[in-house]
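S.K.: Each chain, written out:
Number of protein chains: 2
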Amino acid sequence: MSGEHGAQPVSTKGPVLVVGTGLLGTSLALALTSAGVEVQLEDSSPTSLSLARDMGAGRPRLEVDAEPRIVVVATPPDVAADVVVRQLAAHPRAVVTDVASVKEQVATEVRARADQAARRYVGSHPMAGRERSGAGSADSDLFAGRPWVVVGEGADPSAELVVRSLATDVGATPVRMGAAEHDVAVAAVSHLPQLVSSLVAARLEKASDSALALAGQGLRDVTRVAASDPRLWSAIIVGNAAPVAGLLRELREDLDLLLRGVEAAVFEPGSPGYPGDTGRGDASTLAPGAVGAVSDLMTRGGRGRARIPGKHGGAPRRYREVQVLVPDSVGSLGRLFADIGEVGVNIEDFALEHSAGQSVGLAVVSVLPSAAQGLEEALDQRGWRVVVT
Amino acid sequence: MSGEHGAQPVSTKGPVLVVGTGLLGTSLALALTSAGVEVQLEDSSPTSLSLARDMGAGRPRLEVDAEPRIVVVATPPDVAADVVVRQLAAHPRAVVTDVASVKEQVATEVRARADQAARRYVGSHPMAGRERSGAGSADSDLFAGRPWVVVGEGADPSAELVVRSLATDVGATPVRMGAAEHDVAVAAVSHLPQLVSSLVAARLEKASDSALALAGQGLRDVTRVAASDPRLWSAIIVGNAAPVAGLLRELREDLDLLLRGVEAAVFEPGSPGYPGDTGRGDASTLAPGAVGAVSDLMTRGGRGRARIPGKHGGAPRRYREVQVLVPDSVGSLGRLFADIGEVGVNIEDFALEHSAGQSVGLAVVSVLPSAAQGLEEALDQRGWRVVVT
Numbered sequence: 001m002s003g004e005h006g007a008q009p010v011s012t013k014g015p016v017l018v019v020g021t022g023l024l025g026t027s028l029a030l031a032l033t034s035a036g037v038e039v040q041l042e043d044s045s046p047t048s049l050s051l052a053r054d055m056g057a058g059r060p061r062l063e064v065d066a067e068p069r070i071v072v073v074a075t076p077p078d079v080a081a082d083v084v085v086r087q088l089a090a091h092p093r094a095v096v097t098d099v100a101s102v103k104e105q106v107a108t109e110v111r112a113r114a115d116q117a118a119r120r121y122v123g124s125h126p127m128a129g130r131e132r133s134g135a136g137s138a139d140s141d142l143f144a145g146r147p148w149v150v151v152g153e154g155a156d157p158s159a160e161l162v163v164r165s166l167a168t169d170v171g172a173t174p175v176r177m178g179a180a181e182h183d184v185a186v187a188a189v190s191h192l193p194q195l196v197s198s199l200v201a202a203r204l205e206k207a208s209d210s211a212l213a214l215a216g217q218g219l220r221d222v223t224r225v226a227a228s229d230p231r232l233w234s235a236i237i238v239g240n241a242a243p244v245a246g247l248l249r250e251l252r253e254d255l256d257l258l259l260r261g262v263e264a265a266v267f268e269p270g271s272p273g274y275p276g277d278t279g280r281g282d283a284s285t286l287a288p289g290a291v292g293a294v295s296d297l298m299t300r301g302g303r304g305r306a307r308i309p310g311k312h313g314g315a316p317r318r319y320r321e322v323q324v325l326v327p328d329s330v331g332s333l334g335r336l337f338a339d340i341g342e343v344g345v346n347i348e349d350f351a352l353e354h355s356a357g358q359s360v361g362l363a364v365v366s367v368l369p370s371a372a373q374g375l376e377e378a379l380d381q382r383g384w385r386v387v388v389t
Numbered sequence: 001m002s003g004e005h006g007a008q009p010v011s012t013k014g015p016v017l018v019v020g021t022g023l024l025g026t027s028l029a030l031a032l033t034s035a036g037v038e039v040q041l042e043d044s045s046p047t048s049l050s051l052a053r054d055m056g057a058g059r060p061r062l063e064v065d066a067e068p069r070i071v072v073v074a075t076p077p078d079v080a081a082d083v084v085v086r087q088l089a090a091h092p093r094a095v096v097t098d099v100a101s102v103k104e105q106v107a108t109e110v111r112a113r114a115d116q117a118a119r120r121y122v123g124s125h126p127m128a129g130r131e132r133s134g135a136g137s138a139d140s141d142l143f144a145g146r147p148w149v150v151v152g153e154g155a156d157p158s159a160e161l162v163v164r165s166l167a168t169d170v171g172a173t174p175v176r177m178g179a180a181e182h183d184v185a186v187a188a189v190s191h192l193p194q195l196v197s198s199l200v201a202a203r204l205e206k207a208s209d210s211a212l213a214l215a216g217q218g219l220r221d222v223t224r225v226a227a228s229d230p231r232l233w234s235a236i237i238v239g240n241a242a243p244v245a246g247l248l249r250e251l252r253e254d255l256d257l258l259l260r261g262v263e264a265a266v267f268e269p270g271s272p273g274y275p276g277d278t279g280r281g282d283a284s285t286l287a288p289g290a291v292g293a294v295s296d297l298m299t300r301g302g303r304g305r306a307r308i309p310g311k312h313g314g315a316p317r318r319y320r321e322v323q324v325l326v327p328d329s330v331g332s333l334g335r336l337f338a339d340i341g342e343v344g345v346n347i348e349d350f351a352l353e354h355s356a357g358q359s360v361g362l363a364v365v366s367v368l369p370s371a372a373q374g375l376e377e378a379l380d381q382r383g384w385r386v387v388v389t
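Residue numbers (UniProt numbering), protein chains in the order written: chain A, 1 to 389; chain B, 1 to 389.
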């Protein structure tokens with residue numbers, strides 16, 4: 001707990017230096033700035049740095065004097081360890097953390113190179129991101145309600161506390177994990193879905209235009225993250241190679257079982273073969289192997305899917321939803337919003353869902369939890385049909 | 001074009017018999033009822049039939065006398081052909097269509113068994129659905145703006161026209177395709193994503209609770225359709241076995257390349273191997289094979305993803321979007337909606353996007369294309385900051 005470069009008690013409210021003004025770094029800087037924290041910015045790209053500054057994320061490090069209390073390394077993951085080591089040396093009283101998606105690789109290198117100063121290093125991984133990258137896509141709300149993994153192994157407990165507070169300051173929920181445990185977890189919930197999304201999307205490169213015109217929400221959802229940055233993700237996957245390889249091998253075993261089943265439906269005598277065989281009957285009796293293979297996989301997939309936390313598999317919410325039926329006519333939404341404004345409640349988010357009958361819509365108004373009940377009562381008094389969920 | 005059971009000119013406005021009151025059948029019945037069409041319902045399950053009737057989808061076939069002009073078979077796909085053949089015989093003047101997700105299998109069996117009456121059969125496939133099933137999840141809006149594939153091969157042109165009108169009546173866009181062309185297309189845009197979503201979700205069955213607590217939107221999107229009905233999907237995949245098997249084999253080849261690359265990062269000497277090796281440097285120089293494998297796949301996936309039509313990969317829209325910056329303060333959305341109401345424009349859909357700075361939000365107002373420009377000008381005159389896209 002001591003040593004020349006050991007951690008000092010620090011406040012999260014001191015200046016925070018964010019190194020790397022990409023999506024995560026800029027979003028974090030914006031969130032901290034909104035929370036009243038002084039933010040310093042550093043980036044090897046002057047363009048990215050200027051953009052982040054112009055967005056109000058903070059001031060370039062070179063233009064300020066105050067020593068940072070916390071340094072957040074938000075560089076690409078393959079250079080994170082190197083930057084952490086340099087920042088530990090440059091700011092001998094600061095707690096240094098990184099936000100790389102892989103934790104064991106960074107921690108091992110930092111401990112090997114930074115010696116005692118490594119006690120001021122705490123790994124972290126905010127579970128937030130989007131398929132777009134760069135400061136221009138930054139959003140101060142990115143961390144709100146999201147888990148933020150804090151890896152305190154080998155660090156001073158006070159340093160770990162500082163990083164937990166940092167997470168809390170931007171609305172995230174700190175989650176304590178070991179580096180190896182974290183890496184195995186993200187292989188399953190993040191890295192594998194990313195790679196498999198790309199595997200599906202890669203099939204679309206040569207699909208016909210008329211096929212693509214039939215694309216629905218299912219394909220869009222499965223392939224959304226396939227639009228992510230190949231350079232960033234190559235580094236992440238390589239940095240977490242063993243857990244990812246293990247899952248890919250398991251997936252290949254399931255794929256082989258599935259493929260054998262589906263091929264049975266094509267080639268087995270008496271099966272509802274394709275193309276050609278016209279003497280077909282009920283497919284479920286003719287190709288039991290195929291039906292079983294698909295059905296087994298989907299049943300297991302359904303069970304796995306059901307384990308994802310959150311209502312209807314949706315993201316955890318900070319807000320309460322107030323639901324109101326609105327007639328589908330000119331001005332009705334306007335009256336609703338005017339009434340909400342008169343009640344004095346701020347609308348944090350809003351969605352309009354169309355009902356089955358089409359003559360009415362369901363307005364879903366997100367408000368702070370403390371305001372929800374009062375709003376429901378006030379709208380009810382004004383004659384709105386509030387849906388109690 | 002003639003024959004004992006040849007098609008007669010029919011109007012889509014005549015009674016429509018919907019056989020099968022699951023998600024698709026009930027949604028269609030609700031949509032037709034809203035459009036003023038008389039709908040008759042039939043289902044082997046009395047419970048499902050009652051539910052659909054109680055939802056206002058139509059009246060049970062047994063309680064009405066009028067002969068249907070159109071019969072829509074909305075049963076599970078593995079019994080669709082059999083039901084189509086029986087309906088062609090039961091209603092010798094009706095056009096019969098089905099909504100099964102696989103078209104060649106049904107068409108081949110109908111032509112083999114129904115002889116001349118098959119000229120009154122037109123295959124169709126509305127590209128609409130959701131991961132929930134049953135009448136209770138039905139939505140009359142399900143087909144709005146969606147493609148509806150019409151397979152007219154072997155049918156009287158007048159019968160094909162009737163089915164095209166049916167699609168139009170519920171807001172869908174008819175798309176003419178051959179049965180084989182359709183089946184190859186849906187293998188890529190629907191069946192493969194479904195199976196791969198299940199392959200990813202199946203990995204979650206044995207994941208730790210702490211891993212699942214880290215799940216983000218990426219995992220939720222990739223696995224959303226894994227919650228679909230295994231029985232329904234087994235029949236669909238078996239019915240389209242050859243195109244699906246072909247795509248699964250291609251995907252396995254890419255998976256093998258990827259796995260080889262990722263394993264190289266684990267085992268190659270000097271690579272950022274895992275676990276153990278502490279002498280790491282820049283991963284991108286140490287395991288070029290792994291980086292290349294991931295990067296190549298993701299680049300191809302990104303190109304494939306970009307081919308999906310629709311702005312930002314979103315669903316093709318019937319409406320134009322008007323985007324307005326709104327201050328994040330009480331009442332500002334109310335003023336916006338009041339102004340839109342005064343202009344006399346109906347809001348078809350609405351979304352609120354938060355900007356990076358949080359002090360302002362982006363209101364995305366969907367209106368009929370004919371109203372968009374006028375609304376933009378009117379809002380600009382009233383002092384709103386309209387974002388021109």
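What the hints contain is simulated information worked out from the structure, not anything from laboratory work.
From a predicted model like this one, the values you see are computed outputs, not experimental measurements.
Just to be clear, a hint being listed does not mean it is correct.
Remember, identical chains collapse to one label, so a pair may be satisfied in a single copy or spanning two.
Stated by the list, open to error - In the EDC-like style, the derived pairs of lysine to aspartate or glutamate whose C-alpha atoms are separated by at most 16 Å in a straight line are: (1) K206 - D115; (2) K206 - E376; (3) K206 - D254; (4) K206 - D380; (5) K206 - E181; (6) K206 - E250.
S.K.: Which of the numbered hints are not met once you compare them with the structure shown?
M.R.: 1, 2, 4
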